[in-house]
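Take the sequences, apply the hints, and build the full model.
Protein chains in written order, with my numbering: chain A, 1 to 340; chain B, 1001 to 1145; chain C, 2001 to 2267.
These are computed hints drawn from the structure, not numbers from a lab.
Mixed in with the good hints, there may be bad ones.
[What the hints assert, rightly or not] Result set (DMTMM-like, lysine to aspartate or glutamate): computed pairs, CA atoms no more than 25 Å apart in a straight line: (1) B/Lys1062 to B/Asp1115; (2) A/Lys336 to B/Asp1034; (3) B/Lys1123 to A/Glu92; (4) B/Lys1123 to A/Asp97; (5) C/Lys2229 to C/Asp2196; (6) C/Lys2093 to C/Asp2159; (7) A/Lys138 to A/Glu82; (8) B/Lys1088 to C/Glu2155; (9) C/Lys2229 to C/Asp2034; (10) C/Lys2109 to A/Asp166; (11) B/Lys1088 to B/Asp1034; (12) C/Lys2263 to A/Glu328; (13) C/Lys2263 to A/Asp100; (14) B/Lys1037 to A/Asp71; (15) A/Lys88 to B/Asp1115; (16) B/Lys1037 to A/Glu199; (17) C/Lys2132 to A/Glu332; (18) A/Lys138 to A/Glu67; (19) C/Lys2263 to B/Asp1034; (20) C/Lys2229 to C/Asp2177; (21) B/Lys1037 to A/Asp100; (22) C/Lys2028 to A/Glu199; (23) C/Lys2263 to A/Glu82; (24) C/Lys2264 to B/Asp1115; (25) C/Lys2263 to A/Glu92; (26) B/Lys1088 to A/Asp100.
[To be verified] Computed list of chain C residues with no C-beta within reach of chain B, every gap over 10 Å: (27) Asn2100; (28) Lys2109; (29) Asp2159; (30) Arg2166; (31) Arg2203.
For every residue, glycine included, the Cβ atom is placed at its ideal position computed from N, Cα and C.
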Amino acid sequence: MKRSGMCHFPLAVIAIVCLTPGSAHGQTTKAAANSRPAAKKWTAPRTPWGAPDLQGIWDFATITPMERPTDLAGKAVLTDQEAAEFEKTTLERRNPDRRDGGAAADVGRAYNYVWWDYGTRVIGTRRSSLIVDPPDGKIPPLTPEGRKRGEARAALLRGPAAGPEDRNLWERCILGGNAGPPMTPGAYNNNVQLFQTPESVVLLNEMINDARIVPLDGRPHLASNVRQWRGDSRGRWEGNTLVVDTTNFRDPTNFRGASSSLHVVERFTRVDAGTLLYEFTIDDPKTWTRPWSAAIPMKKTEGPIYEYACHEGNYGMVNLLAGARAEEKAAEEAAKKDPR
Amino acid sequence: MRTIRCDRVAAIGLLLVVAAAPLAAHHAFAAEFDARKPVRLEGTVTKMEWINPHAWIHIDVKRPDGKTEQWMIEGGTPNTLLRRGFTKRSVLPGTVIVVDGYQAKDGSTKANGRDLTFPDGRKLFLGSSGTGAPKDGRDVTESKR
Amino acid sequence: MIAIARVAVAAALLVAVKPAACQAPAYKAPRTADGKPNLNGIWQVLGSAHWDIEGHAARPGPVVALGAVGAVPAGLGVVEDGPIPYQPWAAAKKKENAENWLTADPEIKCYLPGVPRATYLPFPFQIVQTPKSILMTYEFASASRIINTDNAVTESPIDTWMGHSRGRWEGETLVVDVTSFNGQTWLDRAGNFHSDSLRVVERYTAIGANALRYEVTLEDPTVFTRPWKLSMPLYRRLDRNAQLLEFKCVEFVEELVYGHLRKKAGK
Chain A
1 MKRSGMCHFP
11 LAVIAIVCLT
21 PGSAHGQTTK
31 AAANSRPAAK
41 KWTAPRTPWG
51 APDLQGIWDF
61 ATITPMERPT
71 DLAGKAVLTD
81 QEAAEFEKTT
91 LERRNPDRRD
101 GGAAADVGRA
111 YNYVWWDYGT
121 RVIGTRRSSL
131 IVDPPDGKIP
141 PLTPEGRKRG
151 EARAALLRGP
161 AAGPEDRNLW
171 ERCILGGNAG
181 PPMTPGAYNN
191 NVQLFQTPES
201 VVLLNEMIND
211 ARIVPLDGRP
221 HLASNVRQWR
231 GDSRGRWEGN
241 TLVVDTTNFR
251 DPTNFRGASS
261 SLHVVERFTR
271 VDAGTLLYEF
281 TIDDPKTWTR
291 PWSAAIPMKK
301 TEGPIYEYAC
311 HEGNYGMVNL
321 LAGARAEEKA
331 AEEAAKKDPR
Chain B
1001 MRTIRCDRVA
1011 AIGLLLVVAA
1021 APLAAHHAFA
1031 AEFDARKPVR
1041 LEGTVTKMEW
1051 INPHAWIHID
1061 VKRPDGKTEQ
1071 WMIEGGTPNT
1081 LLRRGFTKRS
1091 VLPGTVIVVD
1101 GYQAKDGSTK
1111 ANGRDLTFPD
1121 GRKLFLGSSG
1131 TGAPKDGRDV
1141 TESKR
Chain C
2001 MIAIARVAVA
2011 AALLVAVKPA
2021 ACQAPAYKAP
2031 RTADGKPNLN
2041 GIWQVLGSAH
2051 WDIEGHAARP
2061 GPVVALGAVG
2071 AVPAGLGVVE
2081 DGPIPYQPWA
2091 AAKKKENAEN
2101 WLTADPEIKC
2111 YLPGVPRATY
2121 LPFPFQIVQT
2131 PKSILMTYEF
2141 ASASRIINTD
2151 NAVTESPIDT
2161 WMGHSRGRWE
2171 GETLVVDVTS
2181 FNGQTWLDRA
2191 GNFHSDSLRV
2201 VERYTAIGAN
2211 ALRYEVTLED
2221 PTVFTRPWKL
2231 SMPLYRRLDR
2241 NAQLLEFKCV
2251 EFVEELVYGH
2261 LRKKAGK
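As structure tokens, then:
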């Protein structure tokens, strides 16, 4: 379901993104932040108590992939023309209304184009990957433990599922697939509403109407034995940037096979009226050989965010378990008829 | 020979589909629905469940033997449709639709709505996107409020 | 002069000792930056309204093995002018709900609790108040809802579990109008219920630094013979570093809901 698709932003909004392209190769997230042009007349809005105002509903859909495609190796930033070409071919290739590819591909494409909403545009900086560090735009190598864990998990997901715990957290309707932390673009509903009070910042992700409350008062993280699916977040301001530190994850995590030692640092910076720059750094020495970072400019959107009640209507879990049991039964009966 | 070419296209199609989902995410469509059991149904909507994670359209299908079968057809997240301006009144009971899909693996009368159309061939949720060409659906949503 | 002063003082004293049954609240909450009563914080209801919103004596629970832990505590009741004015068919349905509680109550399956039930579940919730939007997020099942106070969206395109909330201020009180329910939530563990015609009007009023008065009017012409009201205090959670924790209960009900589809051991 994590396929790219369409995002419905007016062109004008895309043009406003003011991250400097071109000099982006090899930048860390800090460097990306410093490359913002200072010449813009726009003044960052402030809340009445003087904090940068990051509030609103933000859409993080994009067809820019997390990792730089192999055929774009060495090319950190696309030209305007290359970006347009990339958008065109990606959308054509991924159009779920295509009926070529046979039955298995058909089932995988699931349903008509209108149900999907994963973006029509690359990000405004035209970087070829969301990953900004390492410089090659690729997720760093896995540790041996990370590889083992990933393979075991992949084997389990190939099915058939013995029970719900064999499936992903979003198929179980425990966590949204794109909500994180960190937040990563998914197939649809890539929306988060941000609320601010003097004491906290709250991130309400549409999937699965999950409100992540981030206290700003400097209190310590929860005790290390108190683990949560979404971890435990603490926030602080660094200049105009909100820095959110999240630890205390449970096992299994929702993020690319990371371990419960996962440590996520997110940075939120309002770069212009319509753009919230979202950067995250992943640090999990049990899974990856080095930390890695990505940057996603989020676009202001009108919303609203709709309710996403998931578990209440999760016929899919019933269907996939019933399907697995039916196939096992059929195999048993076939074996009985023809025991070799 | 044509058949061999089709196999190759199928394989490439599968690769493209896999390549198009770069994240390790794997959804359960293949676990729920059987690629070996394609169905094509024409039925009357009795109700539509505008629910997550998937919307479900309930239809009554008249079989050749005169019996009526009740089918449940899976769609995507309704939130996407709501943003395109559709509401719970957009698919009313009594509407006749055609479903091109694949039946549930457990043999029950459920199918994924791979392609949903009206009997005249128009896609069910036309919106501003026509037959799938990328357009700005948000304008439609805003103008309908 | 002194006589007038004495009369003035007497008049002032008279006003001051007027019974508190008058409408104006005595307490004025501190203000947010946009001049509204500040309702930010973590709140929780005490008592046993979550078991039964009507007055009730203690009674045994349905799970023998849970003993006293699974029994139902007594409650004064939070329904004003009780009992709940059910239509005859609905009174019978409530009884049926109560008898089938273990299999019928949506709370047991970790379904979203709806409004007003979410408020008085035995879990804290947090009010996050900003000028145009007030977020209420509940520890139970991470339920949440957004109350828009700018009237931007007047109608919900579909029916939902937590309804569609529109808020406005009336002096010291936040008034929230909730409609577009899907009719699948209950009002408590005693089988009290409603339909998708339910309309709820909530009133949140600070009565002190650490308590709110919560009043709810329920109207459902399909189920009740007239609108009716419930009310209770909301207490501020004063724990050091109080925060909502996770109660993502889907995990705890998977066996209950999907256990019959689990692969049998030894196969």
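Verification of the supplied hints:
Restraint check for B/Lys1062 and B/Asp1115: the C-alpha separation of about 19 Å stays at or below 25 Å, so the hint holds. For the hint pairing A/Lys336 with B/Asp1034, the CA-to-CA distance comes to about 23 Å; that is within 25 Å, so the pair holds. This hinted pair checks out: B/Lys1123 and A/Glu92 have alpha carbons roughly 18 Å apart, not beyond 25 Å. Among the hinted pairs, B/Lys1123 with A/Asp97 is consistent with the structure: their alpha-carbon atoms are about 10 Å apart, no more than 25 Å.
The straight-line distance between the Cα atoms of C/Lys2229 and C/Asp2196 is roughly 18 Å, inside the 25 Å bound, and the hint therefore holds. A hinted pair counts as satisfied when its Cα atoms are at most 25 Å apart, and C/Lys2093 with C/Asp2159 qualifies at roughly 22 Å. Using a Cα cut-off of 25 Å, the hinted pair A/Lys138 and A/Glu82 holds, with the two alpha carbons roughly 20 Å apart. For the hint pairing B/Lys1088 with C/Glu2155, the CA-to-CA distance comes to about 12 Å; that is within 25 Å, so the pair holds.
Using a Cα cut-off of 25 Å, the hinted pair C/Lys2229 and C/Asp2034 is violated, with the two alpha carbons roughly 31 Å apart. Straight-line distance between C-alpha atoms of C/Lys2109 and A/Asp166 comes to about 20 Å, which keeps the hinted pair within the 25 Å bound. For the suggested pair B/Lys1088 and B/Asp1034, the alpha carbons sit about 29 Å apart, so the restraint of at most 25 Å is broken. Only pairs whose Cα atoms come within 25 Å are accepted, and C/Lys2263 paired with A/Glu328 is accepted, the gap being roughly 9 Å.
Distance check on the hinted pair: C/Lys2263 and A/Asp100 sit about 35 Å apart at the alpha-carbon level, beyond 25 Å; violated. Distance hint between B/Lys1037 and A/Asp71 is unfulfilled; the C-alpha atoms sit about 37 Å from each other, more than 25 Å. Between the alpha carbons of A/Lys88 and B/Asp1115 the distance comes to roughly 23 Å, so the proposed pair stays at or under 25 Å and holds. Proposed proximity of B/Lys1037 and A/Glu199 is contradicted: the alpha carbons are some 56 Å apart, above 25 Å.
At most 25 Å may separate the alpha-carbon atoms for a hinted pair to count; C/Lys2132 and A/Glu332 exceed this at roughly 60 Å. For the given pair, A/Lys138 sits about 5 Å from A/Glu67 by alpha-carbon distance, which is consistent with the 25 Å threshold. For a cut-off of 25 Å, the pair hint linking C/Lys2263 to B/Asp1034 stands: about 20 Å separates their Cα positions. Using a Cα cut-off of 25 Å, the hinted pair C/Lys2229 and C/Asp2177 holds, with the two alpha carbons roughly 14 Å apart.
Distance restraint check for B/Lys1037 and A/Asp100: the Cα-Cα separation of roughly 17 Å lies within the 25 Å cut-off, and the hinted pair is therefore satisfied. Restraint check: the Cα-Cα separation between C/Lys2028 and A/Glu199 comes to about 21 Å, which is no more than 25 Å; the hinted pair holds. For the hint pairing C/Lys2263 with A/Glu82, the CA-to-CA distance comes to about 50 Å; that exceeds 25 Å, so the pair is violated. For the proposed pair C/Lys2264 and B/Asp1115, the alpha carbon gap of about 36 Å is over 25 Å, so the pair is violated.
Among the hinted pairs, C/Lys2263 with A/Glu92 is inconsistent with the structure: their alpha-carbon atoms are about 41 Å apart, more than 25 Å. Taking the CA atoms of B/Lys1088 and A/Asp100, the gap is near 32 Å; set against the 25 Å cutoff, the hint is violated. For C/Asn2100, the condition that its CB be more than 10 Å from all CB atoms of chain B holds, with the nearest at approximately 23 Å. No beta-carbon of chain B comes within 10 Å of the beta-carbon of C/Lys2109; the shortest separation is about 15 Å.
For C/Asp2159, the requirement that its beta carbon stay farther than 10 Å from each beta carbon of chain B is not met, with the minimum near 7 Å. No Cβ of chain B approaches the Cβ of C/Arg2166 within 10 Å, the least distance being about 14 Å, so the stated non-interface status holds. Once the 10 Å rule is applied to beta carbons, C/Arg2203 is consistent with being away from chain B; the minimum gap is 28 Å.
Going down the numbered hints, you'll see the structure goes against 9, 11, 13, 14, 16, 17, 23, 24, 25, 26, 29, while the others check out.
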